[in-house]
Amino acid sequence: MTASEPVVKVENLVKYFPVKAGVFSRTVGFIKAVDGVSFNIPAGGTYGLVGESGCGKSTIGRTILKLLEPTGGRVYFKNKDVFALNKADLRVLRREMQIIFQDPYGSLNPRMSVGEAIGESLSEHGIATGKEKRERVEHMLEICGLAPFHYRRFPHEFSGGQRQRICIARALALNPQFLIADEPISSLDVSIQAQIINLLEDLQAEFGLTFLFISHDLSVVKHISDRVGVMYLGALVEDAPKKELYRNPLHPYSQALLSAVPVMDPTFKKERIILKGDVPSPAKPPTGCRFHTRCQYMVERCRVEMPPLRDVGGNHFVACHLVEKG
Amino acid sequence: MSKTRQPAALIPRFFPRRREREQVLTPGKIIWSRFRRNKLAMISMYLILAMTLLAIFAPLLTPYDRDATNIMNKHQPPSRQHWLGTESMGRDVLTRTLYGGRVSLTVGIVASSIAVVIGIVLGSLAGYYGKLVDTLIMRLTDVVLSFPFLALAIVVAAILGPSIYNTMLVIGFLSWTTTCRLVRGQFLSIKQAEYIEAARALGIRELPTIYRHMLPNAFAPILISATLLTASAILVEAALSFIGLGVVPPIPSWGNMLEPARNYTVVKLYWWMWLPPGLMIFLAVLGINLIGDGLRDALDPRLKR
Numbered sequence: 000m001t002a003s004e005p006v007v008k009v010e011n012l013v014k015y016f017p018v019k020a021g022v023f024s025r026t027v028g029f030i031k032a033v034d035g036v037s038f039n040i041p042a043g044g045t046y047g048l049v050g051e052s053g054c055g056k057s058t059i060g061r062t063i064l065k066l067l068e069p070t071g072g073r074v075y076f077k078n079k080d081v082f083a084l085n086k087a088d089l090r091v092l093r094r095e096m097q098i099i100f101q102d103p104y105g106s107l108n109p110r111m112s113v114g115e116a117i118g119e120s121l122s123e124h125g126i127a128t129g130k131e132k133r134e135r136v137e138h139m140l141e142i143c144g145l146a147p148f149h150y151r152r153f154p155h156e157f158s159g160g161q162r163q164r165i166c167i168a169r170a171l172a173l174n175p176q177f178l179i180a181d182e183p184i185s186s187l188d189v190s191i192q193a194q195i196i197n198l199l200e201d202l203q204a205e206f207g208l209t210f211l212f213i214s215h216d217l218s219v220v221k222h223i224s225d226r227v228g229v230m231y232l233g234a235l236v237e238d239a240p241k242k243e244l245y246r247n248p249l250h251p252y253s254q255a256l257l258s259a260v261p262v263m264d265p266t267f268k269k270e271r272i273i274l275k276g277d278v279p280s281p282a283k284p285p286t287g288c289r290f291h292t293r294c295q296y297m298v299e300r301c302r303v304e305m306p307p308l309r310d311v312g313g314n315h316f317v318a319c320h321l322v323e324k325g
Numbered sequence: 000m001s002k003t004r005q006p007a008a009l010i011p012r013f014f015p016r017r018r019e020r021e022q023v024l025t026p027g028k029i030i031w032s033r034f035r036r037n038k039l040a041m042i043s044m045y046l047i048l049a050m051t052l053l054a055i056f057a058p059l060l061t062p063y064d065r066d067a068t069n070i071m072n073k074h075q076p077p078s079r080q081h082w083l084g085t086e087s088m089g090r091d092v093l094t095r096t097l098y099g100g101r102v103s104l105t106v107g108i109v110a111s112s113i114a115v116v117i118g119i120v121l122g123s124l125a126g127y128y129g130k131l132v133d134t135l136i137m138r139l140t141d142v143v144l145s146f147p148f149l150a151l152a153i154v155v156a157a158i159l160g161p162s163i164y165n166t167m168l169v170i171g172f173l174s175w176t177t178t179c180r181l182v183r184g185q186f187l188s189i190k191q192a193e194y195i196e197a198a199r200a201l202g203i204r205e206l207p208t209i210y211r212h213m214l215p216n217a218f219a220p221i222l223i224s225a226t227l228l229t230a231s232a233i234l235v236e237a238a239l240s241f242i243g244l245g246v247v248p249p250i251p252s253w254g255n256m257l258e259p260a261r262n263y264t265v266v267k268l269y270w271w272m273w274l275p276p277g278l279m280i281f282l283a284v285l286g287i288n289l290i291g292d293g294l295r296d297a298l299d300p301r302l303k304r
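From first to last, the protein sequence lines stand for chains A and B.
Position one of the first sequence corresponds to residue 0 (numbering that gives the first Met the number 0), numbered consecutively onward.
Position one of the second sequence corresponds to residue 0 (numbering that gives the first Met the number 0), numbered consecutively onward.
In isolation and in its complexed conformation, chain A is listed as follows:
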């Protein structure tokens, strides 16, 4: 990792959702959405979190911001324990950590004009009101590739890409340092995706933002991240610098994922690794290594013993018994 002190430290984050059943809604079990995830993001860096649907990526994003109540673990933002803060302090901290959501249609209040939506947090936090607020909002609109005259318009007049720009402007209005992008482009057209990615990169350069970029799109993650974590069934299976991971994926799951990325060369014949079976239920994850039910290299040890995430050199962490330290 780079020399700079991490801005965001996630330590052993756990989030279980209780499964309730019966007349008295007794808790009969837990969906282990996130089960002991740790990673660090240095200042100004971008951490990419990849994994298939339902592996707990978005839950991590929301739990870090305490939009979901964590079950266990710690999150430090600039050495402040986010989960230990009281309501008022957390509200102050919210200025510095923001999130943009996947669905730009659902994440804008349809009855609030664009200007109000972006400016709301400014007046709520007592940062700017009246004319000053309006100027700041118009400035944000311009930075995000919209126009000041959009101030009075309503979300229904905008396309998906424009709405995502509004969401970005809203998140950045408070001038945060840390931005979680929860699949910000997966509901957009491919041509618009590139625009939004470029916008995010520009904004990162301009404001020195630290990113947690959650996506299932490996090529986008490869483009934008400095370091990538691969998730499977609520846990990280591999955590490595981007180049290292894409050149030399060590975990069988990462290998399978990467083999599915299309290559822009029709003559290149790549060997696809096709995984057998389905993802097991996160309510009853397999014993030992979570991936052993689908792993082609599975040995007896994988069935009983959970492999820890260990350093195999060069800042490359893998959770697999079979990868040698080297």
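Careful, some of the hints might be misleading.
Stated by the list, open to error - Cross-link-like lysine-lysine pairs, in silico, DSS-like; alpha carbons within 25 Å at most:
(1) A:K79 x A:K65
(2) A:K269 x A:K242
(3) A:K86 x B:K190
(4) A:K241 x A:K269
(5) A:K242 x A:K221
(6) A:K19 x A:K283
(7) B:K190 x A:K19
(8) B:K190 x A:K65
(9) B:K130 x A:K65
(10) A:K19 x B:K130
(11) A:K8 x A:K242
(12) B:K130 x A:K86
(13) B:K28 x B:K38
Derived by calculation from the structure, the hints in this document are not laboratory data.
Given the coordinates of chain A, assemble chain B onto it according to the supplied hints.
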């Protein structure tokens, strides 16, 4: 890092820089334009508007005093002096019908407002906070819903005495349950919306979240239920006044003007005494209900454009 980055100032500007008073399509305008296309609802709106104006300007429209009795002049059929004749105390029926509109419409609006305000407050508390608060409020609505309405109205009238205000209060305090359940249901679904999560992430406090983000989005069903409640409140007021437990004479309301029609002779011989107020109740309730239907269609997000 070999990313191709442009400075932010060079981000292509898709829109010309301009600030003008251009037309902004607010959600309100869209709803209004959809509502306007509904002929029946528009006619009803003008009808109710006309009724309201007639009631407001009643003193300017008739030369007669509302309560001026003249026994010598009773049971007059419609004539040039008394367009709708006179009733058994010789009072002008047209005058009393106009003034009666004041009472009936006011009771309808005030009673439904009381109901809607209670419904919104309790419904949003139940829907937003859930758990124990929700259970308590929902059980309370069950209890209120199971009150026998008329029996309670009679008890209240017996204890407090029948009056306009008591009628409003009784109707208001007994009919908030539907609105409450409606608002609760809306809040339960709106609470899951991503813009509520975004508001939380932005550090917007609970109360502003409720009134800036949740209530405006629950506005459509609230408005519809408010109109329908007004119509039913007018009907209930008429029923209570008809049996003498609502608005008491000499103050006229459409309901208590119908009261003489309990007598068969009146029904048979003096149609002008009961037909005007009866017709007004009918038109007002029909009109308000049609407006409600029109609003429902205009506000339904599933019917695009």
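Right, here's what the structure says about each hint:
Restraint check: the Cα-Cα separation between K79 of chain A and K65 of chain A comes to about 14 Å, which is no more than 25 Å; the hinted pair holds. Between the alpha carbons of K269 of chain A and K242 of chain A the distance comes to roughly 19 Å, so the proposed pair stays at or under 25 Å and holds. Distance check on the hinted pair: K86 of chain A and K190 of chain B sit about 19 Å apart at the alpha-carbon level, within 25 Å; holds. Distance restraint check for K241 of chain A and K269 of chain A: the Cα-Cα separation of roughly 20 Å lies within the 25 Å cut-off, and the hinted pair is therefore satisfied.
For the suggested pair K242 of chain A and K221 of chain A, the alpha carbons sit about 8 Å apart, so the restraint of at most 25 Å is met. The suggested pairing of K19 of chain A with K283 of chain A holds, with an alpha-carbon distance near 15 Å, which does not exceed 25 Å. Distance hint between K190 of chain B and K19 of chain A is fulfilled; the C-alpha atoms sit about 20 Å from each other, no more than 25 Å. Between K190 of chain B and K65 of chain A the CA atoms are separated by roughly 16 Å; this keeps the pair inside 25 Å, and the hint holds.
Pair hint K130 of chain B plus K65 of chain A holds up; C-alpha atoms about 20 Å apart against a cutoff of 25 Å. Proximity of K19 of chain A to K130 of chain B is assessed by CA-CA distance (about 14 Å); at most 25 Å being required, the pair is judged to hold. Distance restraint check for K8 of chain A and K242 of chain A: the Cα-Cα separation of roughly 22 Å lies within the 25 Å cut-off, and the hinted pair is therefore satisfied. At roughly 20 Å between alpha-carbon atoms, K130 of chain B and K86 of chain A fall within 25 Å of each other, so this suggested pair holds.
Restraint check for K28 of chain B and K38 of chain B: the C-alpha separation of about 17 Å stays at or below 25 Å, so the hint holds.
Comparing the model with each earlier hint shows no violations; every hint is respected.
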